[in-house]
Every structure is written in C-alpha cells, then in structure tokens.
Amino acid sequence: MLAGLDPDQRTAVTAAAGPVCILAGAGTGKTRAVTHRIAYRTLSGEINPRHVLAVTFTARAAAEMRARLTGLGSGAVQARTFHAAALRQVRYFAPRLLEGRQMPELMESKIRVVGLAAARAGVRADRAAARDLAGEIEWSKSSLVEPGEYVVAAAKALREPPYEPARVAEVFAAYESLKRRQGVIDFEDLLRAAVWGIEEHADVADQIRAQYRHFVVDEYQDVNPLQQRLLDAWLGDRDDLTVVGDASQTIYSFTGATSSYLIDFPRQRRGAVVVRLVRDYRSTPQVVGLANAVIQQARGTEAKLRLELVGQRAPGPEPELKIFPDELGEAAAVARRCRELIAGGTPANEIAVLFRTNAQSESYEEALAEAEVPYLVRGAERFFERTEVRQAMVALRAAVRSIPGETPLPEAVVEALAATGWDRRRPPPGGSAREQWESVAALVALAEEYAATPEILPIGEAGRVQREITLSDFNDELARRAEQQHAPTVAGVTLASLHSAKGLEWDAVFLVGLADGTLPTTYAKTAEQLEEERRLLYVGVTRARQLLWLSYGQSRSSGGRQRRPCRFLPQLQRTSSPIAEERSRKPDRRRPQVSLCRICGATLLAGADRKLGRCPTCPSDLDEDLYERLQAWRATTAAALKVPAYVVFTDATLVAIAERRPADPAQLVAIAGIGARKLGQYGDAVFALVAGASPDDLEPKNFEN
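Each residue of the sequence shown is one higher than the one before, starting from 1 at the first, in full-length UniProt numbering.
Read the hints as simulated data drawn from the structure, not as lab findings. Careful: at least some of the hints might be erroneous.
Within a straight-line C-alpha distance of at most 30 Å, the following computed BS3-like cross-link-like pairs (lysine-lysine) qualify [said to hold, decoys possible]:
1. Lys304 to Lys156
2. Lys525 to Lys156
3. Lys678 to Lys642
4. Lys179 to Lys156
5. Lys304 to Lys525
Please construct the entire structure, taking both the sequences and the accompanying hints into account.
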C-alpha cells in the first residue's frame with residue numbers, strides 16, 4: 001500500500017487517526033494519497049471500511065474514488081457527493097421524520113419555479129434573468145441566509161444581483177412559498193433536511209454517527225457554510241476527519257464556497273496534522289514553472305497557503321504565447337493548430353480549448369467545424385442525463401427484442417441507434433447538433449471496446465468457455481455506468497469554461513481570450529474578485545500535461561478597440577512588445593508597427609521571429625537550394641568587401657530570404673533588418689538568386705559597396 005508513494009504522500013497515508021489536512025497542489029497525486037490513506041487504514045484493521053464516508057463535489061470524482069478504492073481492496077467504503085449522501089440519508093429516515101407523509105419530490109432545476117416566483121413578485125424575468133435569480137437564491141441558501149436577511153447579507157458580500165436586492169428578496173420568498181405549495185424541494189433543501197434530521201432528532205443522529213465514524217472530504221476549499229454544517233452534524237464531537245484541498249484553486253466563491261474552512265483547519269482542529277504535496281506528476285517543468293509564476297504574485301487570504309510546485313516529468317516545450325489581430329483570427333489559428341496536433345498523433349479527446357465565459361465558445365465551435373476538427377462542448381449536464389443519450393439507451397433496450405442475438409455487438413448497437421435517426425457516416429455541422437452526435441458516437445465506441453473483451457464462463461472441471469458479449473449485456477453495463485456516472489470518452493476536442501475544466505487534464509491545452517476585460521472579467525472589481533480571476537488562470541494552466549498555448553485577440557473584431565493582455569501573465573509583463581509600447585504611448589502618437597506571423601497570424605514579439613516572419617513553432621518552408629546559394633554568394637561578397645559574412649546578411653536574414661523568397665523590393669524590405677541601403681547594395685543579387693541564378697553567374701558589380 002505504501003509502495004510507489006513519495007515521502008509526502010506516505011506521510012499523509014500513515015498519519016494517525018484524528019484531524020489531517022492535506023494541502024495538495026495541482027497534479028500532486030491527491031486522489032492517490034487520500035484513497036491509499038483510506039485503504040491503508042481499512043486493510044490494516046484500524047478502521048472498518050463500512051464506517052467510512054468519503055465526500056466529493058462531483059459524481060465523476062466520486063466514481064473515480066470508488067473505482068480506485070475497489071482496486072485497492074476497499075470497495076465497501078462509501079464515496080459520494082454531499083448531495084448524494086444527504087439524499088440517501090433523508091430517504092432512509094423520511095418515514096420516521098415525516099411521520100408517514102410522502103417525501104417531497106426533488107427538483108433537478110430551479111429555473112421554472114424561479115420564473116413563476118418572479119412573476120408572482122411582479123418581476124419580469126426572461127430565462128437568463130431567471131437563471132441569475134436562481135443563482136442568487138442558491139448562494140443565499142448555501143450561505144444559510146433566509147429571504148428576510150438577503151438584502152443585508154448581499155450588501156456585506158458585495159453581491160451584484162440582477163435586480164434591486166429588495167426585489168430579489170421578494171422573489172426568494174415567493175420561490176420558497178411556491179415550493180411548499182407544489183410539494184417539491186431543491187438541492188439546498190436536501191442538505192438542510194439532512195442537517196435538521198441530525199440536529200433535531202437524537203435517535204437519527206445516533207444511528208448515522210454509529211454508521212459513519214471516519215470522514216474524508218475532497219476539494220475542501222470549495223465547501224460552503226451549509227455543507228460545513230452538515231459535515232459538523234455528521235461528526236458530532238468526533239475528530240477523525242481528513243480534508244484535502246488547494247487554496248490556490250478556490251474559484252467558486254460566487255456560489256457561496258469559501259476556503260476559510262481549509263485555511264482555518266489547523267486552528268479549529270487541535271493537534272491537526274498538516275501535509276503539503278508539492279511534487280507535480282501531471283505537467284512538464286515548463287508548465288509547472290508558468291503556474292508558479294502566475295500564482296506567486298497572488299495576494300490575500302488564500303495566498304497564505306500557496307504551494308510552489310516542483311515538476312517531476314521530463315522537460316517539454318515552452319508554453320506558446322500568441323497575440324492575434326482579433327478574436328476570429330485567434331479562433332482560426334487555434335483550430336489549425338488542433339488539426340495539426342491530431343494529424344501528428346495527439347488524440348482529439350486529449351486536447352482542450354478553455355475560456356473564461358461560455359459566450360466565447362461559439363467562435364471556436366465555428367472555427368473547429370470549418371477546419372473539420374471534431375469537438376464537444378462541456379457543460380454542467382452529466383453524460384447519461386443528456387437527452388440524446390437517454391433516447392439512445394431506450395432504443396438499445398428496445399432493440400434486444402428485434403435484433404437477432406447472434407448479431408455482433410457493434411453492429412447491433414449501430415443498427416439500434418439508426419432507428420433514432422443517428423447516422424454514423426454523417427456527423428452534422430454546428431455546435432449542439434455535433435455535440436449530440438458525438439455523445440451517441442461515444443456509446444458506439446464503448447460497444448466496440450466492450451465487445452473486444454469476451455466474457456469467460458466457468459463450466460465445471462472440464463474447463464472454461466468463452467461467450468460473446470450480447471446487446472443485453474451491454475445494456476446492463478450502460479445501466480451500471482449510469483448509476484456510477486462513469487461516462488465514456490467522447491472523441492473530440494473539448495471546449496470548456498475554466499470553471500467546468502476544474503479537476504480535468506489534457507495533453508494539450510489552449511487558454512484563449514487572455515485579455516483584460518475577459519480575464520479578469522470586467523465584473524471583477526474588488527481585490528478579492530481579482531484574486532479569484534488570477535486563480536482561474538492558474539487552474540487553466542495546471543490542466544495541461546505537455547503543450548500549453550496562451551493567446552488573445554488585440555480586438556474583439558477587426559478594427560475594434562485595442563485591448564490589453566491579461567495582467568496575470570508574467571511573460572507579457574516582462575516582454576517589450578507592441579502591446580507594452582501601446583500602454584505607454586501618448587494618445588496622439590501613431591500606433592507602433594505590428595509584425596504578424598505569415599503562417600498562423602500571431603503577433604511576433606521576438607526580433608528573430610519578426611525577421612523570419614513566423615513563429616518559431618510554425619512550420620518552416622525553407623528552400624534549401626536557395627539557402628545554399630545565398631550562403632555561397634554571401635561568402636564571396638564578404639570576401640570581396642573584406643568584411644565578416646554577418647555584415648552582409650545575418651544567418652537569420654538568409655533563412656528569412658530562403659523561406660519568403662522575395663520577388664520585388666517591397667517584399668525584400670519587409671524582412672526585418674533589410675532597409676533601403678542593403679536593398680541598393682544587394683537587392684539585384686538577391687532577386688537573381690531567388691529567380692534561380694547561380695552565385696558564379698552574378699556580375700562583379702553586385703559585389704561593389
């Protein structure tokens with residue numbers, strides 16, 4: 001159980017019973033450490049696995065934790081989200097708590113009821129406004145704020161509600177009233193009901209605390225006051241609690257989450273053991289270095305627990321910094337680079353394009369579709385809850401009766417899905433339609449993978465027999481995965497907001513739209529809000545394993561207002577670039593000349609790159625024969641003039657000429673470092689060489705000074 005752990009992970013795993021705080025940086029193996037701690041304690045006999053409750057924030061994380069614990073021989077441990085654990089307990093105790101009354105139905109979304117509540121309160125709200133109102137209600141309830149307390153609490157928290165705070169409070173009150181009349185509850189009510197059951201019913205508290213005696217909480221920096229109150233209720237007066245978190249990844253404050261519980265853990269829990277995990281096994285040292293540079297400038301409370309990561313992987317490429325004239329050019333360049341990576345062997349599902357707001361997704365969807373690059377837009381909806389996936393699963397169950405049992409599984413699945421209108425040969429264009437097609441295609445890929453592992457059945461002492469996987473078996477597998485939220489991988493480039501990318505990782509990550517006003521958003525006004533924007537960038541950087549691209553468009557559209565680069569990027573702060581010059585120029589000065597890569601369109605910052613007219617990572621189209629003739633001509637010319645060769649043209653200039661092959665004076669002087677004087681001295685010779693002349697054929701006059 002301890003083999004393969006680094007010293008810090010081993011300390012976390014073997015820490016004695018009691019409060020343990022694991023401060024785990026991105027990519028440092030926190031899930032490995034926490035699952036090994038649970039398994040180490042259960043397999044050694046220190047604790048009973050059935051008395052452990054591990055709590056996560058997403059169903060995906062809970063499923064991963066269960067899978068790892070099962071692999072470690074501790075499958076009896078319960079790993080659930082806060083809401084799933086609360087729902088299980090409330091349902092179990094409902095007959096006792098409700099005295100025979102039926103448990104209210106749990107709403108999947110607040111939007112519909114919030115819309116009705118707004119109308120009742122005299123507030124006109126479209127769907128977007130209803131979504132914002134629902135967010136305010138969720139924040140209030142997660143923060144233990146009642147409708148009558150909202151106005152004061154919102155002012156203290158510097159909230160920016162969609163309407164006057166008093167009107168929001170009215171909608172909040174109407175929402176609570178409507179829920180009671182309709183006999184429904186929301187997810188916050190579910191947690192509050194679990195708290196109420198324990199705090200107000202001693203018999204319920206005794207039974208739950210007898211069942212769960214040891215607790216583990218993942219992503220502890222994202223706990224809100226309501227979740228902390230439930231955790232305290234579960235614990236009672238006990239202290240066998242392990243929490244794991246990273247204050248530098250606190251990015252959900254707008255929902256009520258607070259890192260204060262993580263920061264104050266050693267002070268609140270007497271004798272707490274604090275372990276820091278800083279060895280980064282995910283990203284290259286180059287990516288780790290940028291992440292450290294971004295977060296080392298952080299200020300505020302969370303910065304007190306800042307971790308400096310130490311990269312453990314082999315070196316990789318430096319992060320690429322690209323600046324484009326506008327957002328459309330940026331999106332087109334990203335799509336081209338994605339296509340190149342896929343052609344070079346990088347799986348599409350190992351590439352992600354991450355942005356600050358979902359509204360930025362559209363231009364990248366269009367650019368990727370234009371480049372014929374498959375993609376999917378990642379949202380909050382779980383894979384098995386998507387409409388197209390549910391419909392596909394219904395069709396697969398129905399097909400068991402109509403498709404012959406001997407049909408190979410992949411063929412049976414494709415035939416069943418064709419009945420829903422899905423066509424494997426014709427993926428549709430556009431964002432949402434393509435995303436839905438890819439979701440169904442993921443089921444087909446899963447069937448092919450599943451069919452490749454036939455089941456081995458025992459047949460007594462005579463031996464064993466191999467049985468092909470049937471469509472019915474596959475349906476059972478899908479049901480199991482749906483129960484555990486174990487989604488298959490969809491083959492496409494991931495488009496996602498930085499918030500929804502939390503907890504994920506890819507080989508190649510494109511961080512786009514890194515301009516002030518977008519990141520940080522214009523809505524971030526206070527020091528605390530700006531620091532959270534910095535942490536968002538940090539989270540984005542640490543999603544990349546190998547390749548990291550950072551970019552922004554100088555304007556939103558062609559000819560639009562110029563924007564400044566994201567203030568959190570240390571490279572841009574240190575680089576003397578056209579953008580830095582523009583910051584300091586007076587309003588009446590002419591805008592500095594900007595050089596663009598002739599291949600991808602990015603702004604070129606380094607002198608050598610401007611001379612070549614391309615980024616160092618963009619493909620070279622060097623004419624090797626021309627380059628050799630240029631070298632020979634330069635050597636002869638330098639000898640005739642009795643000067644070093646670089647005085648005629650530098651090596652970089654020769655490469656630029658051999659790549660760009662200028663055919664007229666304008667094209668030649670466009671190469672950085674070639675002005676009117678060198679045009680007059682060497683222009684005729686260069687044009688002759690580009691046209692195919694041999695250095696030996698040039699007239700001596702071309703060598704004159």
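Taking the earlier hints as the rules, which of them does this structure contradict?
When the structure is compared with the hints, none of them turns out to be violated.
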